[in-house]
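Chain H: place on chain P using the hints.
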Amino acid sequence: MDDRRVGVYVCHCGHNIAGTVDVEQVAEWAQRLPYVAVARHFQFMCASTGQELIEEDVRELGLTHVVVASCSPLMHEKTFRNACQRAGLNPFLFAMANIREHASWVHPNDRDGATAKAKALISAAVSRVLRQNELEPIRVNIHPATLIVGGGIAGIQAALEIADAGHHVYLVEREPSIGGHMAMFDKTFPTLDCAACILTPKMFDVGTHPNVTLLTYSEVENVEGFVGNFQIRVRQKARRVIEDLCTGCGTCWEKCPIKVIDEVFEAGLGYRKAIYRPFPQSVPKYPVIDVENCTYFRTGKCRMCEKSCPAGAIDFDMEDRIIEFEVGNIILATGYKLFDCRRIPQYGYGRLPNVYTSLEFERLTNAAGPTGGKVTLRDGETEPKSVAIIHCVGSRDRNYNRYCSAICCMSSLKFAHLVKEKTGAEVYNFYIDMRPIAKEYEEFYHRILEEGTHFIRGRVAEITDAAHTAEEEGKTIVVAEDTLLGRQRRIPVDMVILAAGLEPQADAAEIGRMFGVGCGTAGFFTERHPKLDPVATMTEGVYIAGACQGPKDIPDTVAQGAAAAARVLGVISQREVTLEPIRASIDESRCSGCRICNALCPYNAIEYLEAEGVSRVNAAMCKGCGTCVAACPSHVITGAHFTFEQVMAEIDGIMVDVYSESPTAPLAEIMA
Amino acid sequence: MTSRSYLYYPGCALQHRSHAYEVANQAVAAELDIELVELDDWNCCGATEYFTINRLPAYALVARNLALAAGQDGGDLLAPCSACFLNLYKTDRHMKQYPALAAKVNKALDAGNLHYEPGTVRVRHLLEAIITDIGLDELRARVRRPLYGLNLAAYYGCLIARPYPVFGSPEQPTMMDRLLEALGANVVPFSLKTYCCGGHMTQISEESAFEMIHRLIKNAAESGADALVTICPMCQLNLDIYQDAANKHYETNYFVPAMFFTQTIGLALGLAPDQLAFGQEFVSFAALIEKIQDAPPPRTRPERRPKQALPMPAMPEEV
Numbered sequence: 001m002d003d004r005r006v007g008v009y010v011c012h013c014g015h016n017i018a019g020t021v022d023v024e025q026v027a028e029w030a031q032r033l034p035y036v037a038v039a040r041h042f043q044f045m046c047a048s049t050g051q052e053l054i055e056e057d058v059r060e061l062g063l064t065h066v067v068v069a070s071c072s073p074l075m076h077e078k079t080f081r082n083a084c085q086r087a088g089l090n091p092f093l094f095a096m097a098n099i100r101e102h103a104s105w106v107h108p109n110d111r112d113g114a115t116a117k118a119k120a121l122i123s124a125a126v127s128r129v130l131r132q133n134e135l136e137p138i139r140v141n142i143h144p145a146t147l148i149v150g151g152g153i154a155g156i157q158a159a160l161e162i163a164d165a166g167h168h169v170y171l172v173e174r175e176p177s178i179g180g181h182m183a184m185f186d187k188t189f190p191t192l193d194c195a196a197c198i199l200t201p202k203m204f205d206v207g208t209h210p211n212v213t214l215l216t217y218s219e220v221e222n223v224e225g226f227v228g229n230f231q232i233r234v235r236q237k238a239r240r241v242i243e244d245l246c247t248g249c250g251t252c253w254e255k256c257p258i259k260v261i262d263e264v265f266e267a268g269l270g271y272r273k274a275i276y277r278p279f280p281q282s283v284p285k286y287p288v289i290d291v292e293n294c295t296y297f298r299t300g301k302c303r304m305c306e307k308s309c310p311a312g313a314i315d316f317d318m319e320d321r322i323i324e325f326e327v328g329n330i331i332l333a334t335g336y337k338l339f340d341c342r343r344i345p346q347y348g349y350g351r352l353p354n355v356y357t358s359l360e361f362e363r364l365t366n367a368a369g370p371t372g373g374k375v376t377l378r379d380g381e382t383e384p385k386s387v388a389i390i391h392c393v394g395s396r397d398r399n400y401n402r403y404c405s406a407i408c409c410m411s412s413l414k415f416a417h418l419v420k421e422k423t424g425a426e427v428y429n430f431y432i433d434m435r436p437i438a439k440e441y442e443e444f445y446h447r448i449l450e451e452g453t454h455f456i457r458g459r460v461a462e463i464t465d466a467a468h469t470a471e472e473e474g475k476t477i478v479v480a481e482d483t484l485l486g487r488q489r490r491i492p493v494d495m496v497i498l499a500a501g502l503e504p505q506a507d508a509a510e511i512g513r514m515f516g517v518g519c520g521t522a523g524f525f526t527e528r529h530p531k532l533d534p535v536a537t538m539t540e541g542v543y544i545a546g547a548c549q550g551p552k553d554i555p556d557t558v559a560q561g562a563a564a565a566a567r568v569l570g571v572i573s574q575r576e577v578t579l580e581p582i583r584a585s586i587d588e589s590r591c592s593g594c595r596i597c598n599a600l601c602p603y604n605a606i607e608y609l610e611a612e613g614v615s616r617v618n619a620a621m622c623k624g625c626g627t628c629v630a631a632c633p634s635h636v637i638t639g640a641h642f643t644f645e646q647v648m649a650e651i652d653g654i655m656v657d658v659y660s661e662s663p664t665a666p667l668a669e670i671m672a
Numbered sequence: 673m674t675s676r677s678y679l680y681y682p683g684c685a686l687q688h689r690s691h692a693y694e695v696a697n698q699a700v701a702a703e704l705d706i707e708l709v710e711l712d713d714w715n716c717c718g719a720t721e722y723f724t725i726n727r728l729p730a731y732a733l734v735a736r737n738l739a740l741a742a743g744q745d746g747g748d749l750l751a752p753c754s755a756c757f758l759n760l761y762k763t764d765r766h767m768k769q770y771p772a773l774a775a776k777v778n779k780a781l782d783a784g785n786l787h788y789e790p791g792t793v794r795v796r797h798l799l800e801a802i803i804t805d806i807g808l809d810e811l812r813a814r815v816r817r818p819l820y821g822l823n824l825a826a827y828y829g830c831l832i833a834r835p836y837p838v839f840g841s842p843e844q845p846t847m848m849d850r851l852l853e854a855l856g857a858n859v860v861p862f863s864l865k866t867y868c869c870g871g872h873m874t875q876i877s878e879e880s881a882f883e884m885i886h887r888l889i890k891n892a893a894e895s896g897a898d899a900l901v902t903i904c905p906m907c908q909l910n911l912d913i914y915q916d917a918a919n920k921h922y923e924t925n926y927f928v929p930a931m932f933f934t935q936t937i938g939l940a941l942g943l944a945p946d947q948l949a950f951g952q953e954f955v956s957f958a959a960l961i962e963k964i965q966d967a968p969p970p971r972t973r974p975e976r977r978p979k980q981a982l983p984m985p986a987m988p989e990e991v
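In order, the protein sequence lines correspond to chains P and H. With our numbering as the guide, the letters of the first sequence map in order to residues 1 to 672. With our numbering as the guide, the letters of the second sequence map in order to residues 673 to 991.
If we strip away everything but chain P, and leave its shape as in the complex, we get (with noise of 0.2 Å):
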């Protein structure tokens, strides 16, 4: 026996460890392992009470290494590593053993079992920890500008408030302009200020602000490196409208002999030219040519937007643009898609032509929408002397999405305010439950119920042109269980809105792989913690903002843009970040140069150096995943944290003879 002196914590977790782990047994038990100076149990370890206890005994006793038996190291690996540090314990000489997650939390029904897994993670722990060695932490420094994907009001949001800090932003939108769905909105619930009226001076402060760099129709091809240093590609689209020339005139598109439809802005309902932009404040103010509509690109003639340009701005050969840049952090402000509401047939969306969807009824409704605000059936003209709003179109619905929307019932109160003040007609809201949760959302209710719009409670099965009586002919009927009532009900009706769902992006999956965050089983990204870490991602360096999370309203989207923002702008303080040590690395002398893990590194880590004909690993690159560590034939790249050793000494570990009074690792004197 040499001086090396273990002390071994075994922690309660209140009820949750102690209510099925005989803890006291455990900490009895443990003191009798080789090398064990002091085996104590104790309530909640990660208390400041418990936290002191180690400090104190490292100090008194001289612990040369620590075991904490509590949680998972994802948990509070950070928090007992520190409290080994302030004793003046290197923290790479302190190891946990699960005994929660992996003993407690398994075997709730089998106290004599879950004691005895608990007694040899400790085992394995206690063996493992003997064998590690010191480490130093790796600095990085970090690099001070920020990536925010996503133009919407989150990624608006987030730059402004980090621009104004005074730090570099990079601001990447997919569509010609920023502004996202808030930008086609026409009121904001409850208050029912106009929203373009609140969105676009924030768009032009993003526009003008001399720390953003906006690149809009653009894409993020490719991201590489780590938190402090990600090397950004980014595609932009050849818009075909020189920037520097251009003045935002409008003679090229009201030149223009192409109309389409603009499915993007006006959702459908409204039409745009070949060479547009979007709305009339759209940032930037310049047009794109859509290549796929344009009567020059398709048939080499017209010309017309080239020939009436009073600047010479039109370029019909530019292509697109590689822009490569650093950054330090990443803000993924993405949004969300509309559900679409052809899959639910019944309720007959692109069938019956007076049913809308509710982006399309925002578009409607909007002064400088298609119709210029009227509220009209699909003819463009008939006023609806009756109106039904449909709830939950897609949210709620185990064939769709079970999740809740969260807006649709406020936009649907919203929308029935509208149709009433517009235009009069008796108004039907169709909901399952009224969900108006936020702050002044249910005085906005009590409001619209005042105002004297029907709500039924029911989710509608059908809407139909099939009339069954002569008050039905030519309307649109919308048929529901009315469940307070208890009977079935026909409401026939002029015109029908759905509150069609939240979706994620359909390529969120794609995007979330392209930056190392993973979607939940929605589909939307998720966070680091639920309810504790709502905006960072798994990965670090990487933070999400807005709908691109889950479905939310605009102030908790504003809110979580301005906490991303924050959370970047503390790493940003830091000046440099500190990586984990744990790295592989290659004994050169030893190598044999065959080049196998340089294609196995999923971070293109390990470079080959021709000279001396072996290979070498990045440190600032790697993220010590092992598996070049596995894979070198000769067995000469080692993981730090991760040895052969180490791992050999953890397995011996846990094949102790739980059951002995005098317990030591089977292997231990060979190993030793």
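The hints are simulated quantities; they were obtained by calculation from the structure and are not laboratory data. One or more of the hints may lead you astray.
As the list claims (entries may be wrong) - 20 Å max Cα-Cα, derived EDC-like pairs, lysine to aspartate or glutamate: (1) H:K979 - P:E383; (2) P:K237 - P:E263; (3) H:K890 - P:D164; (4) H:K979 - P:D379; (5) H:K890 - P:E471; (6) P:K307 - P:D244; (7) H:K979 - P:E254; (8) P:K202 - P:E263; (9) P:K475 - P:D379; (10) P:K475 - H:E894.
Chain H alone, transformed into the frame defined by chain P:
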């Protein structure tokens, strides 16, 4: 095309009341090189009523047919009637889903020295088998008398669409629509394609039955249909035999013949009306045959929408 052979469960209705359906099925099958081998010693499926009266004997009644089918050929069992299809399909599924039920049913079958292992027989509706196995391309190639100029409403009825969506969407199936188009006909949008025909309601409450029948013929006529095409003898019976009574009840004068889908296929394949038992119907098919044109009707230009009209959402081929 290779010849195919299926075990076939005609069901009671096709034996008498809806004999025309049986005639058309056999004629079309022969034309398409399909052999329909009648299940030997089959019995009634219990129709729509028996399951609501006494469930276990109802399952046993149906399972006897499944057991016979398993013993005679196994594999596919085709039913041309929606009620028969549903009862056979449901019994197979439920026996698989609820082993306790399967045990009880098999105990009953013991009395006749029969046993059924759920999942052995694949129950299919005749329409689905023709569309899936023959395929629309093959059918299109075999059409000798395209139904140009005929406006048809595809009427699926309720039993076939729900609760098992074997025909695609349970609310707006399009399988038969595609079939009728392949025959050259113009398929009109028919909102009530999966609505109930009333079933045996005529025997219980005539007024309710007339309401259900009337809304179908009214909506079909208003949709511009020259005829309704059905896949179930019950549906055809209600629409055909009671059309006159329903019209009288509502003081209307709709005239919408209700064909069996195999009669429609047969017509397009060039079979003579009497080979397809035309003439047995109450609402005459005669005018339909007259209406068939030699060439596809000229494409009518879509009505010019007023300038201020808003565009309709684009609809993909199949949603």
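Cross-check of the supplied hints:
1. H:K979 - P:E383: holds (17 Å)
2. P:K237 - P:E263: Holds, at roughly 19 Å.
3. H:K890 - P:D164: violated (67 Å)
4. H:K979 - P:D379: Status holds; Cα separation ~9 Å.
5. H:K890 - P:E471: Measuring from Cα to Cα gives roughly 15 Å; hence the hint holds.
6. P:K307 - P:D244: Distance ~18 Å between K307 (chain P) and D244 (chain P) Cα, so the pair holds.
7. H:K979 - P:E254: holds (18 Å)
8. P:K202 - P:E263: violated (25 Å)
9. P:K475 - P:D379: holds (14 Å)
10. P:K475 - H:E894: With Cα atoms ~14 Å apart, K475 (chain P) and E894 (chain H) stay inside 20 Å; holds.
Taken one by one, the earlier hints fail for this structure at numbers 3 and 8, listed in ascending order.
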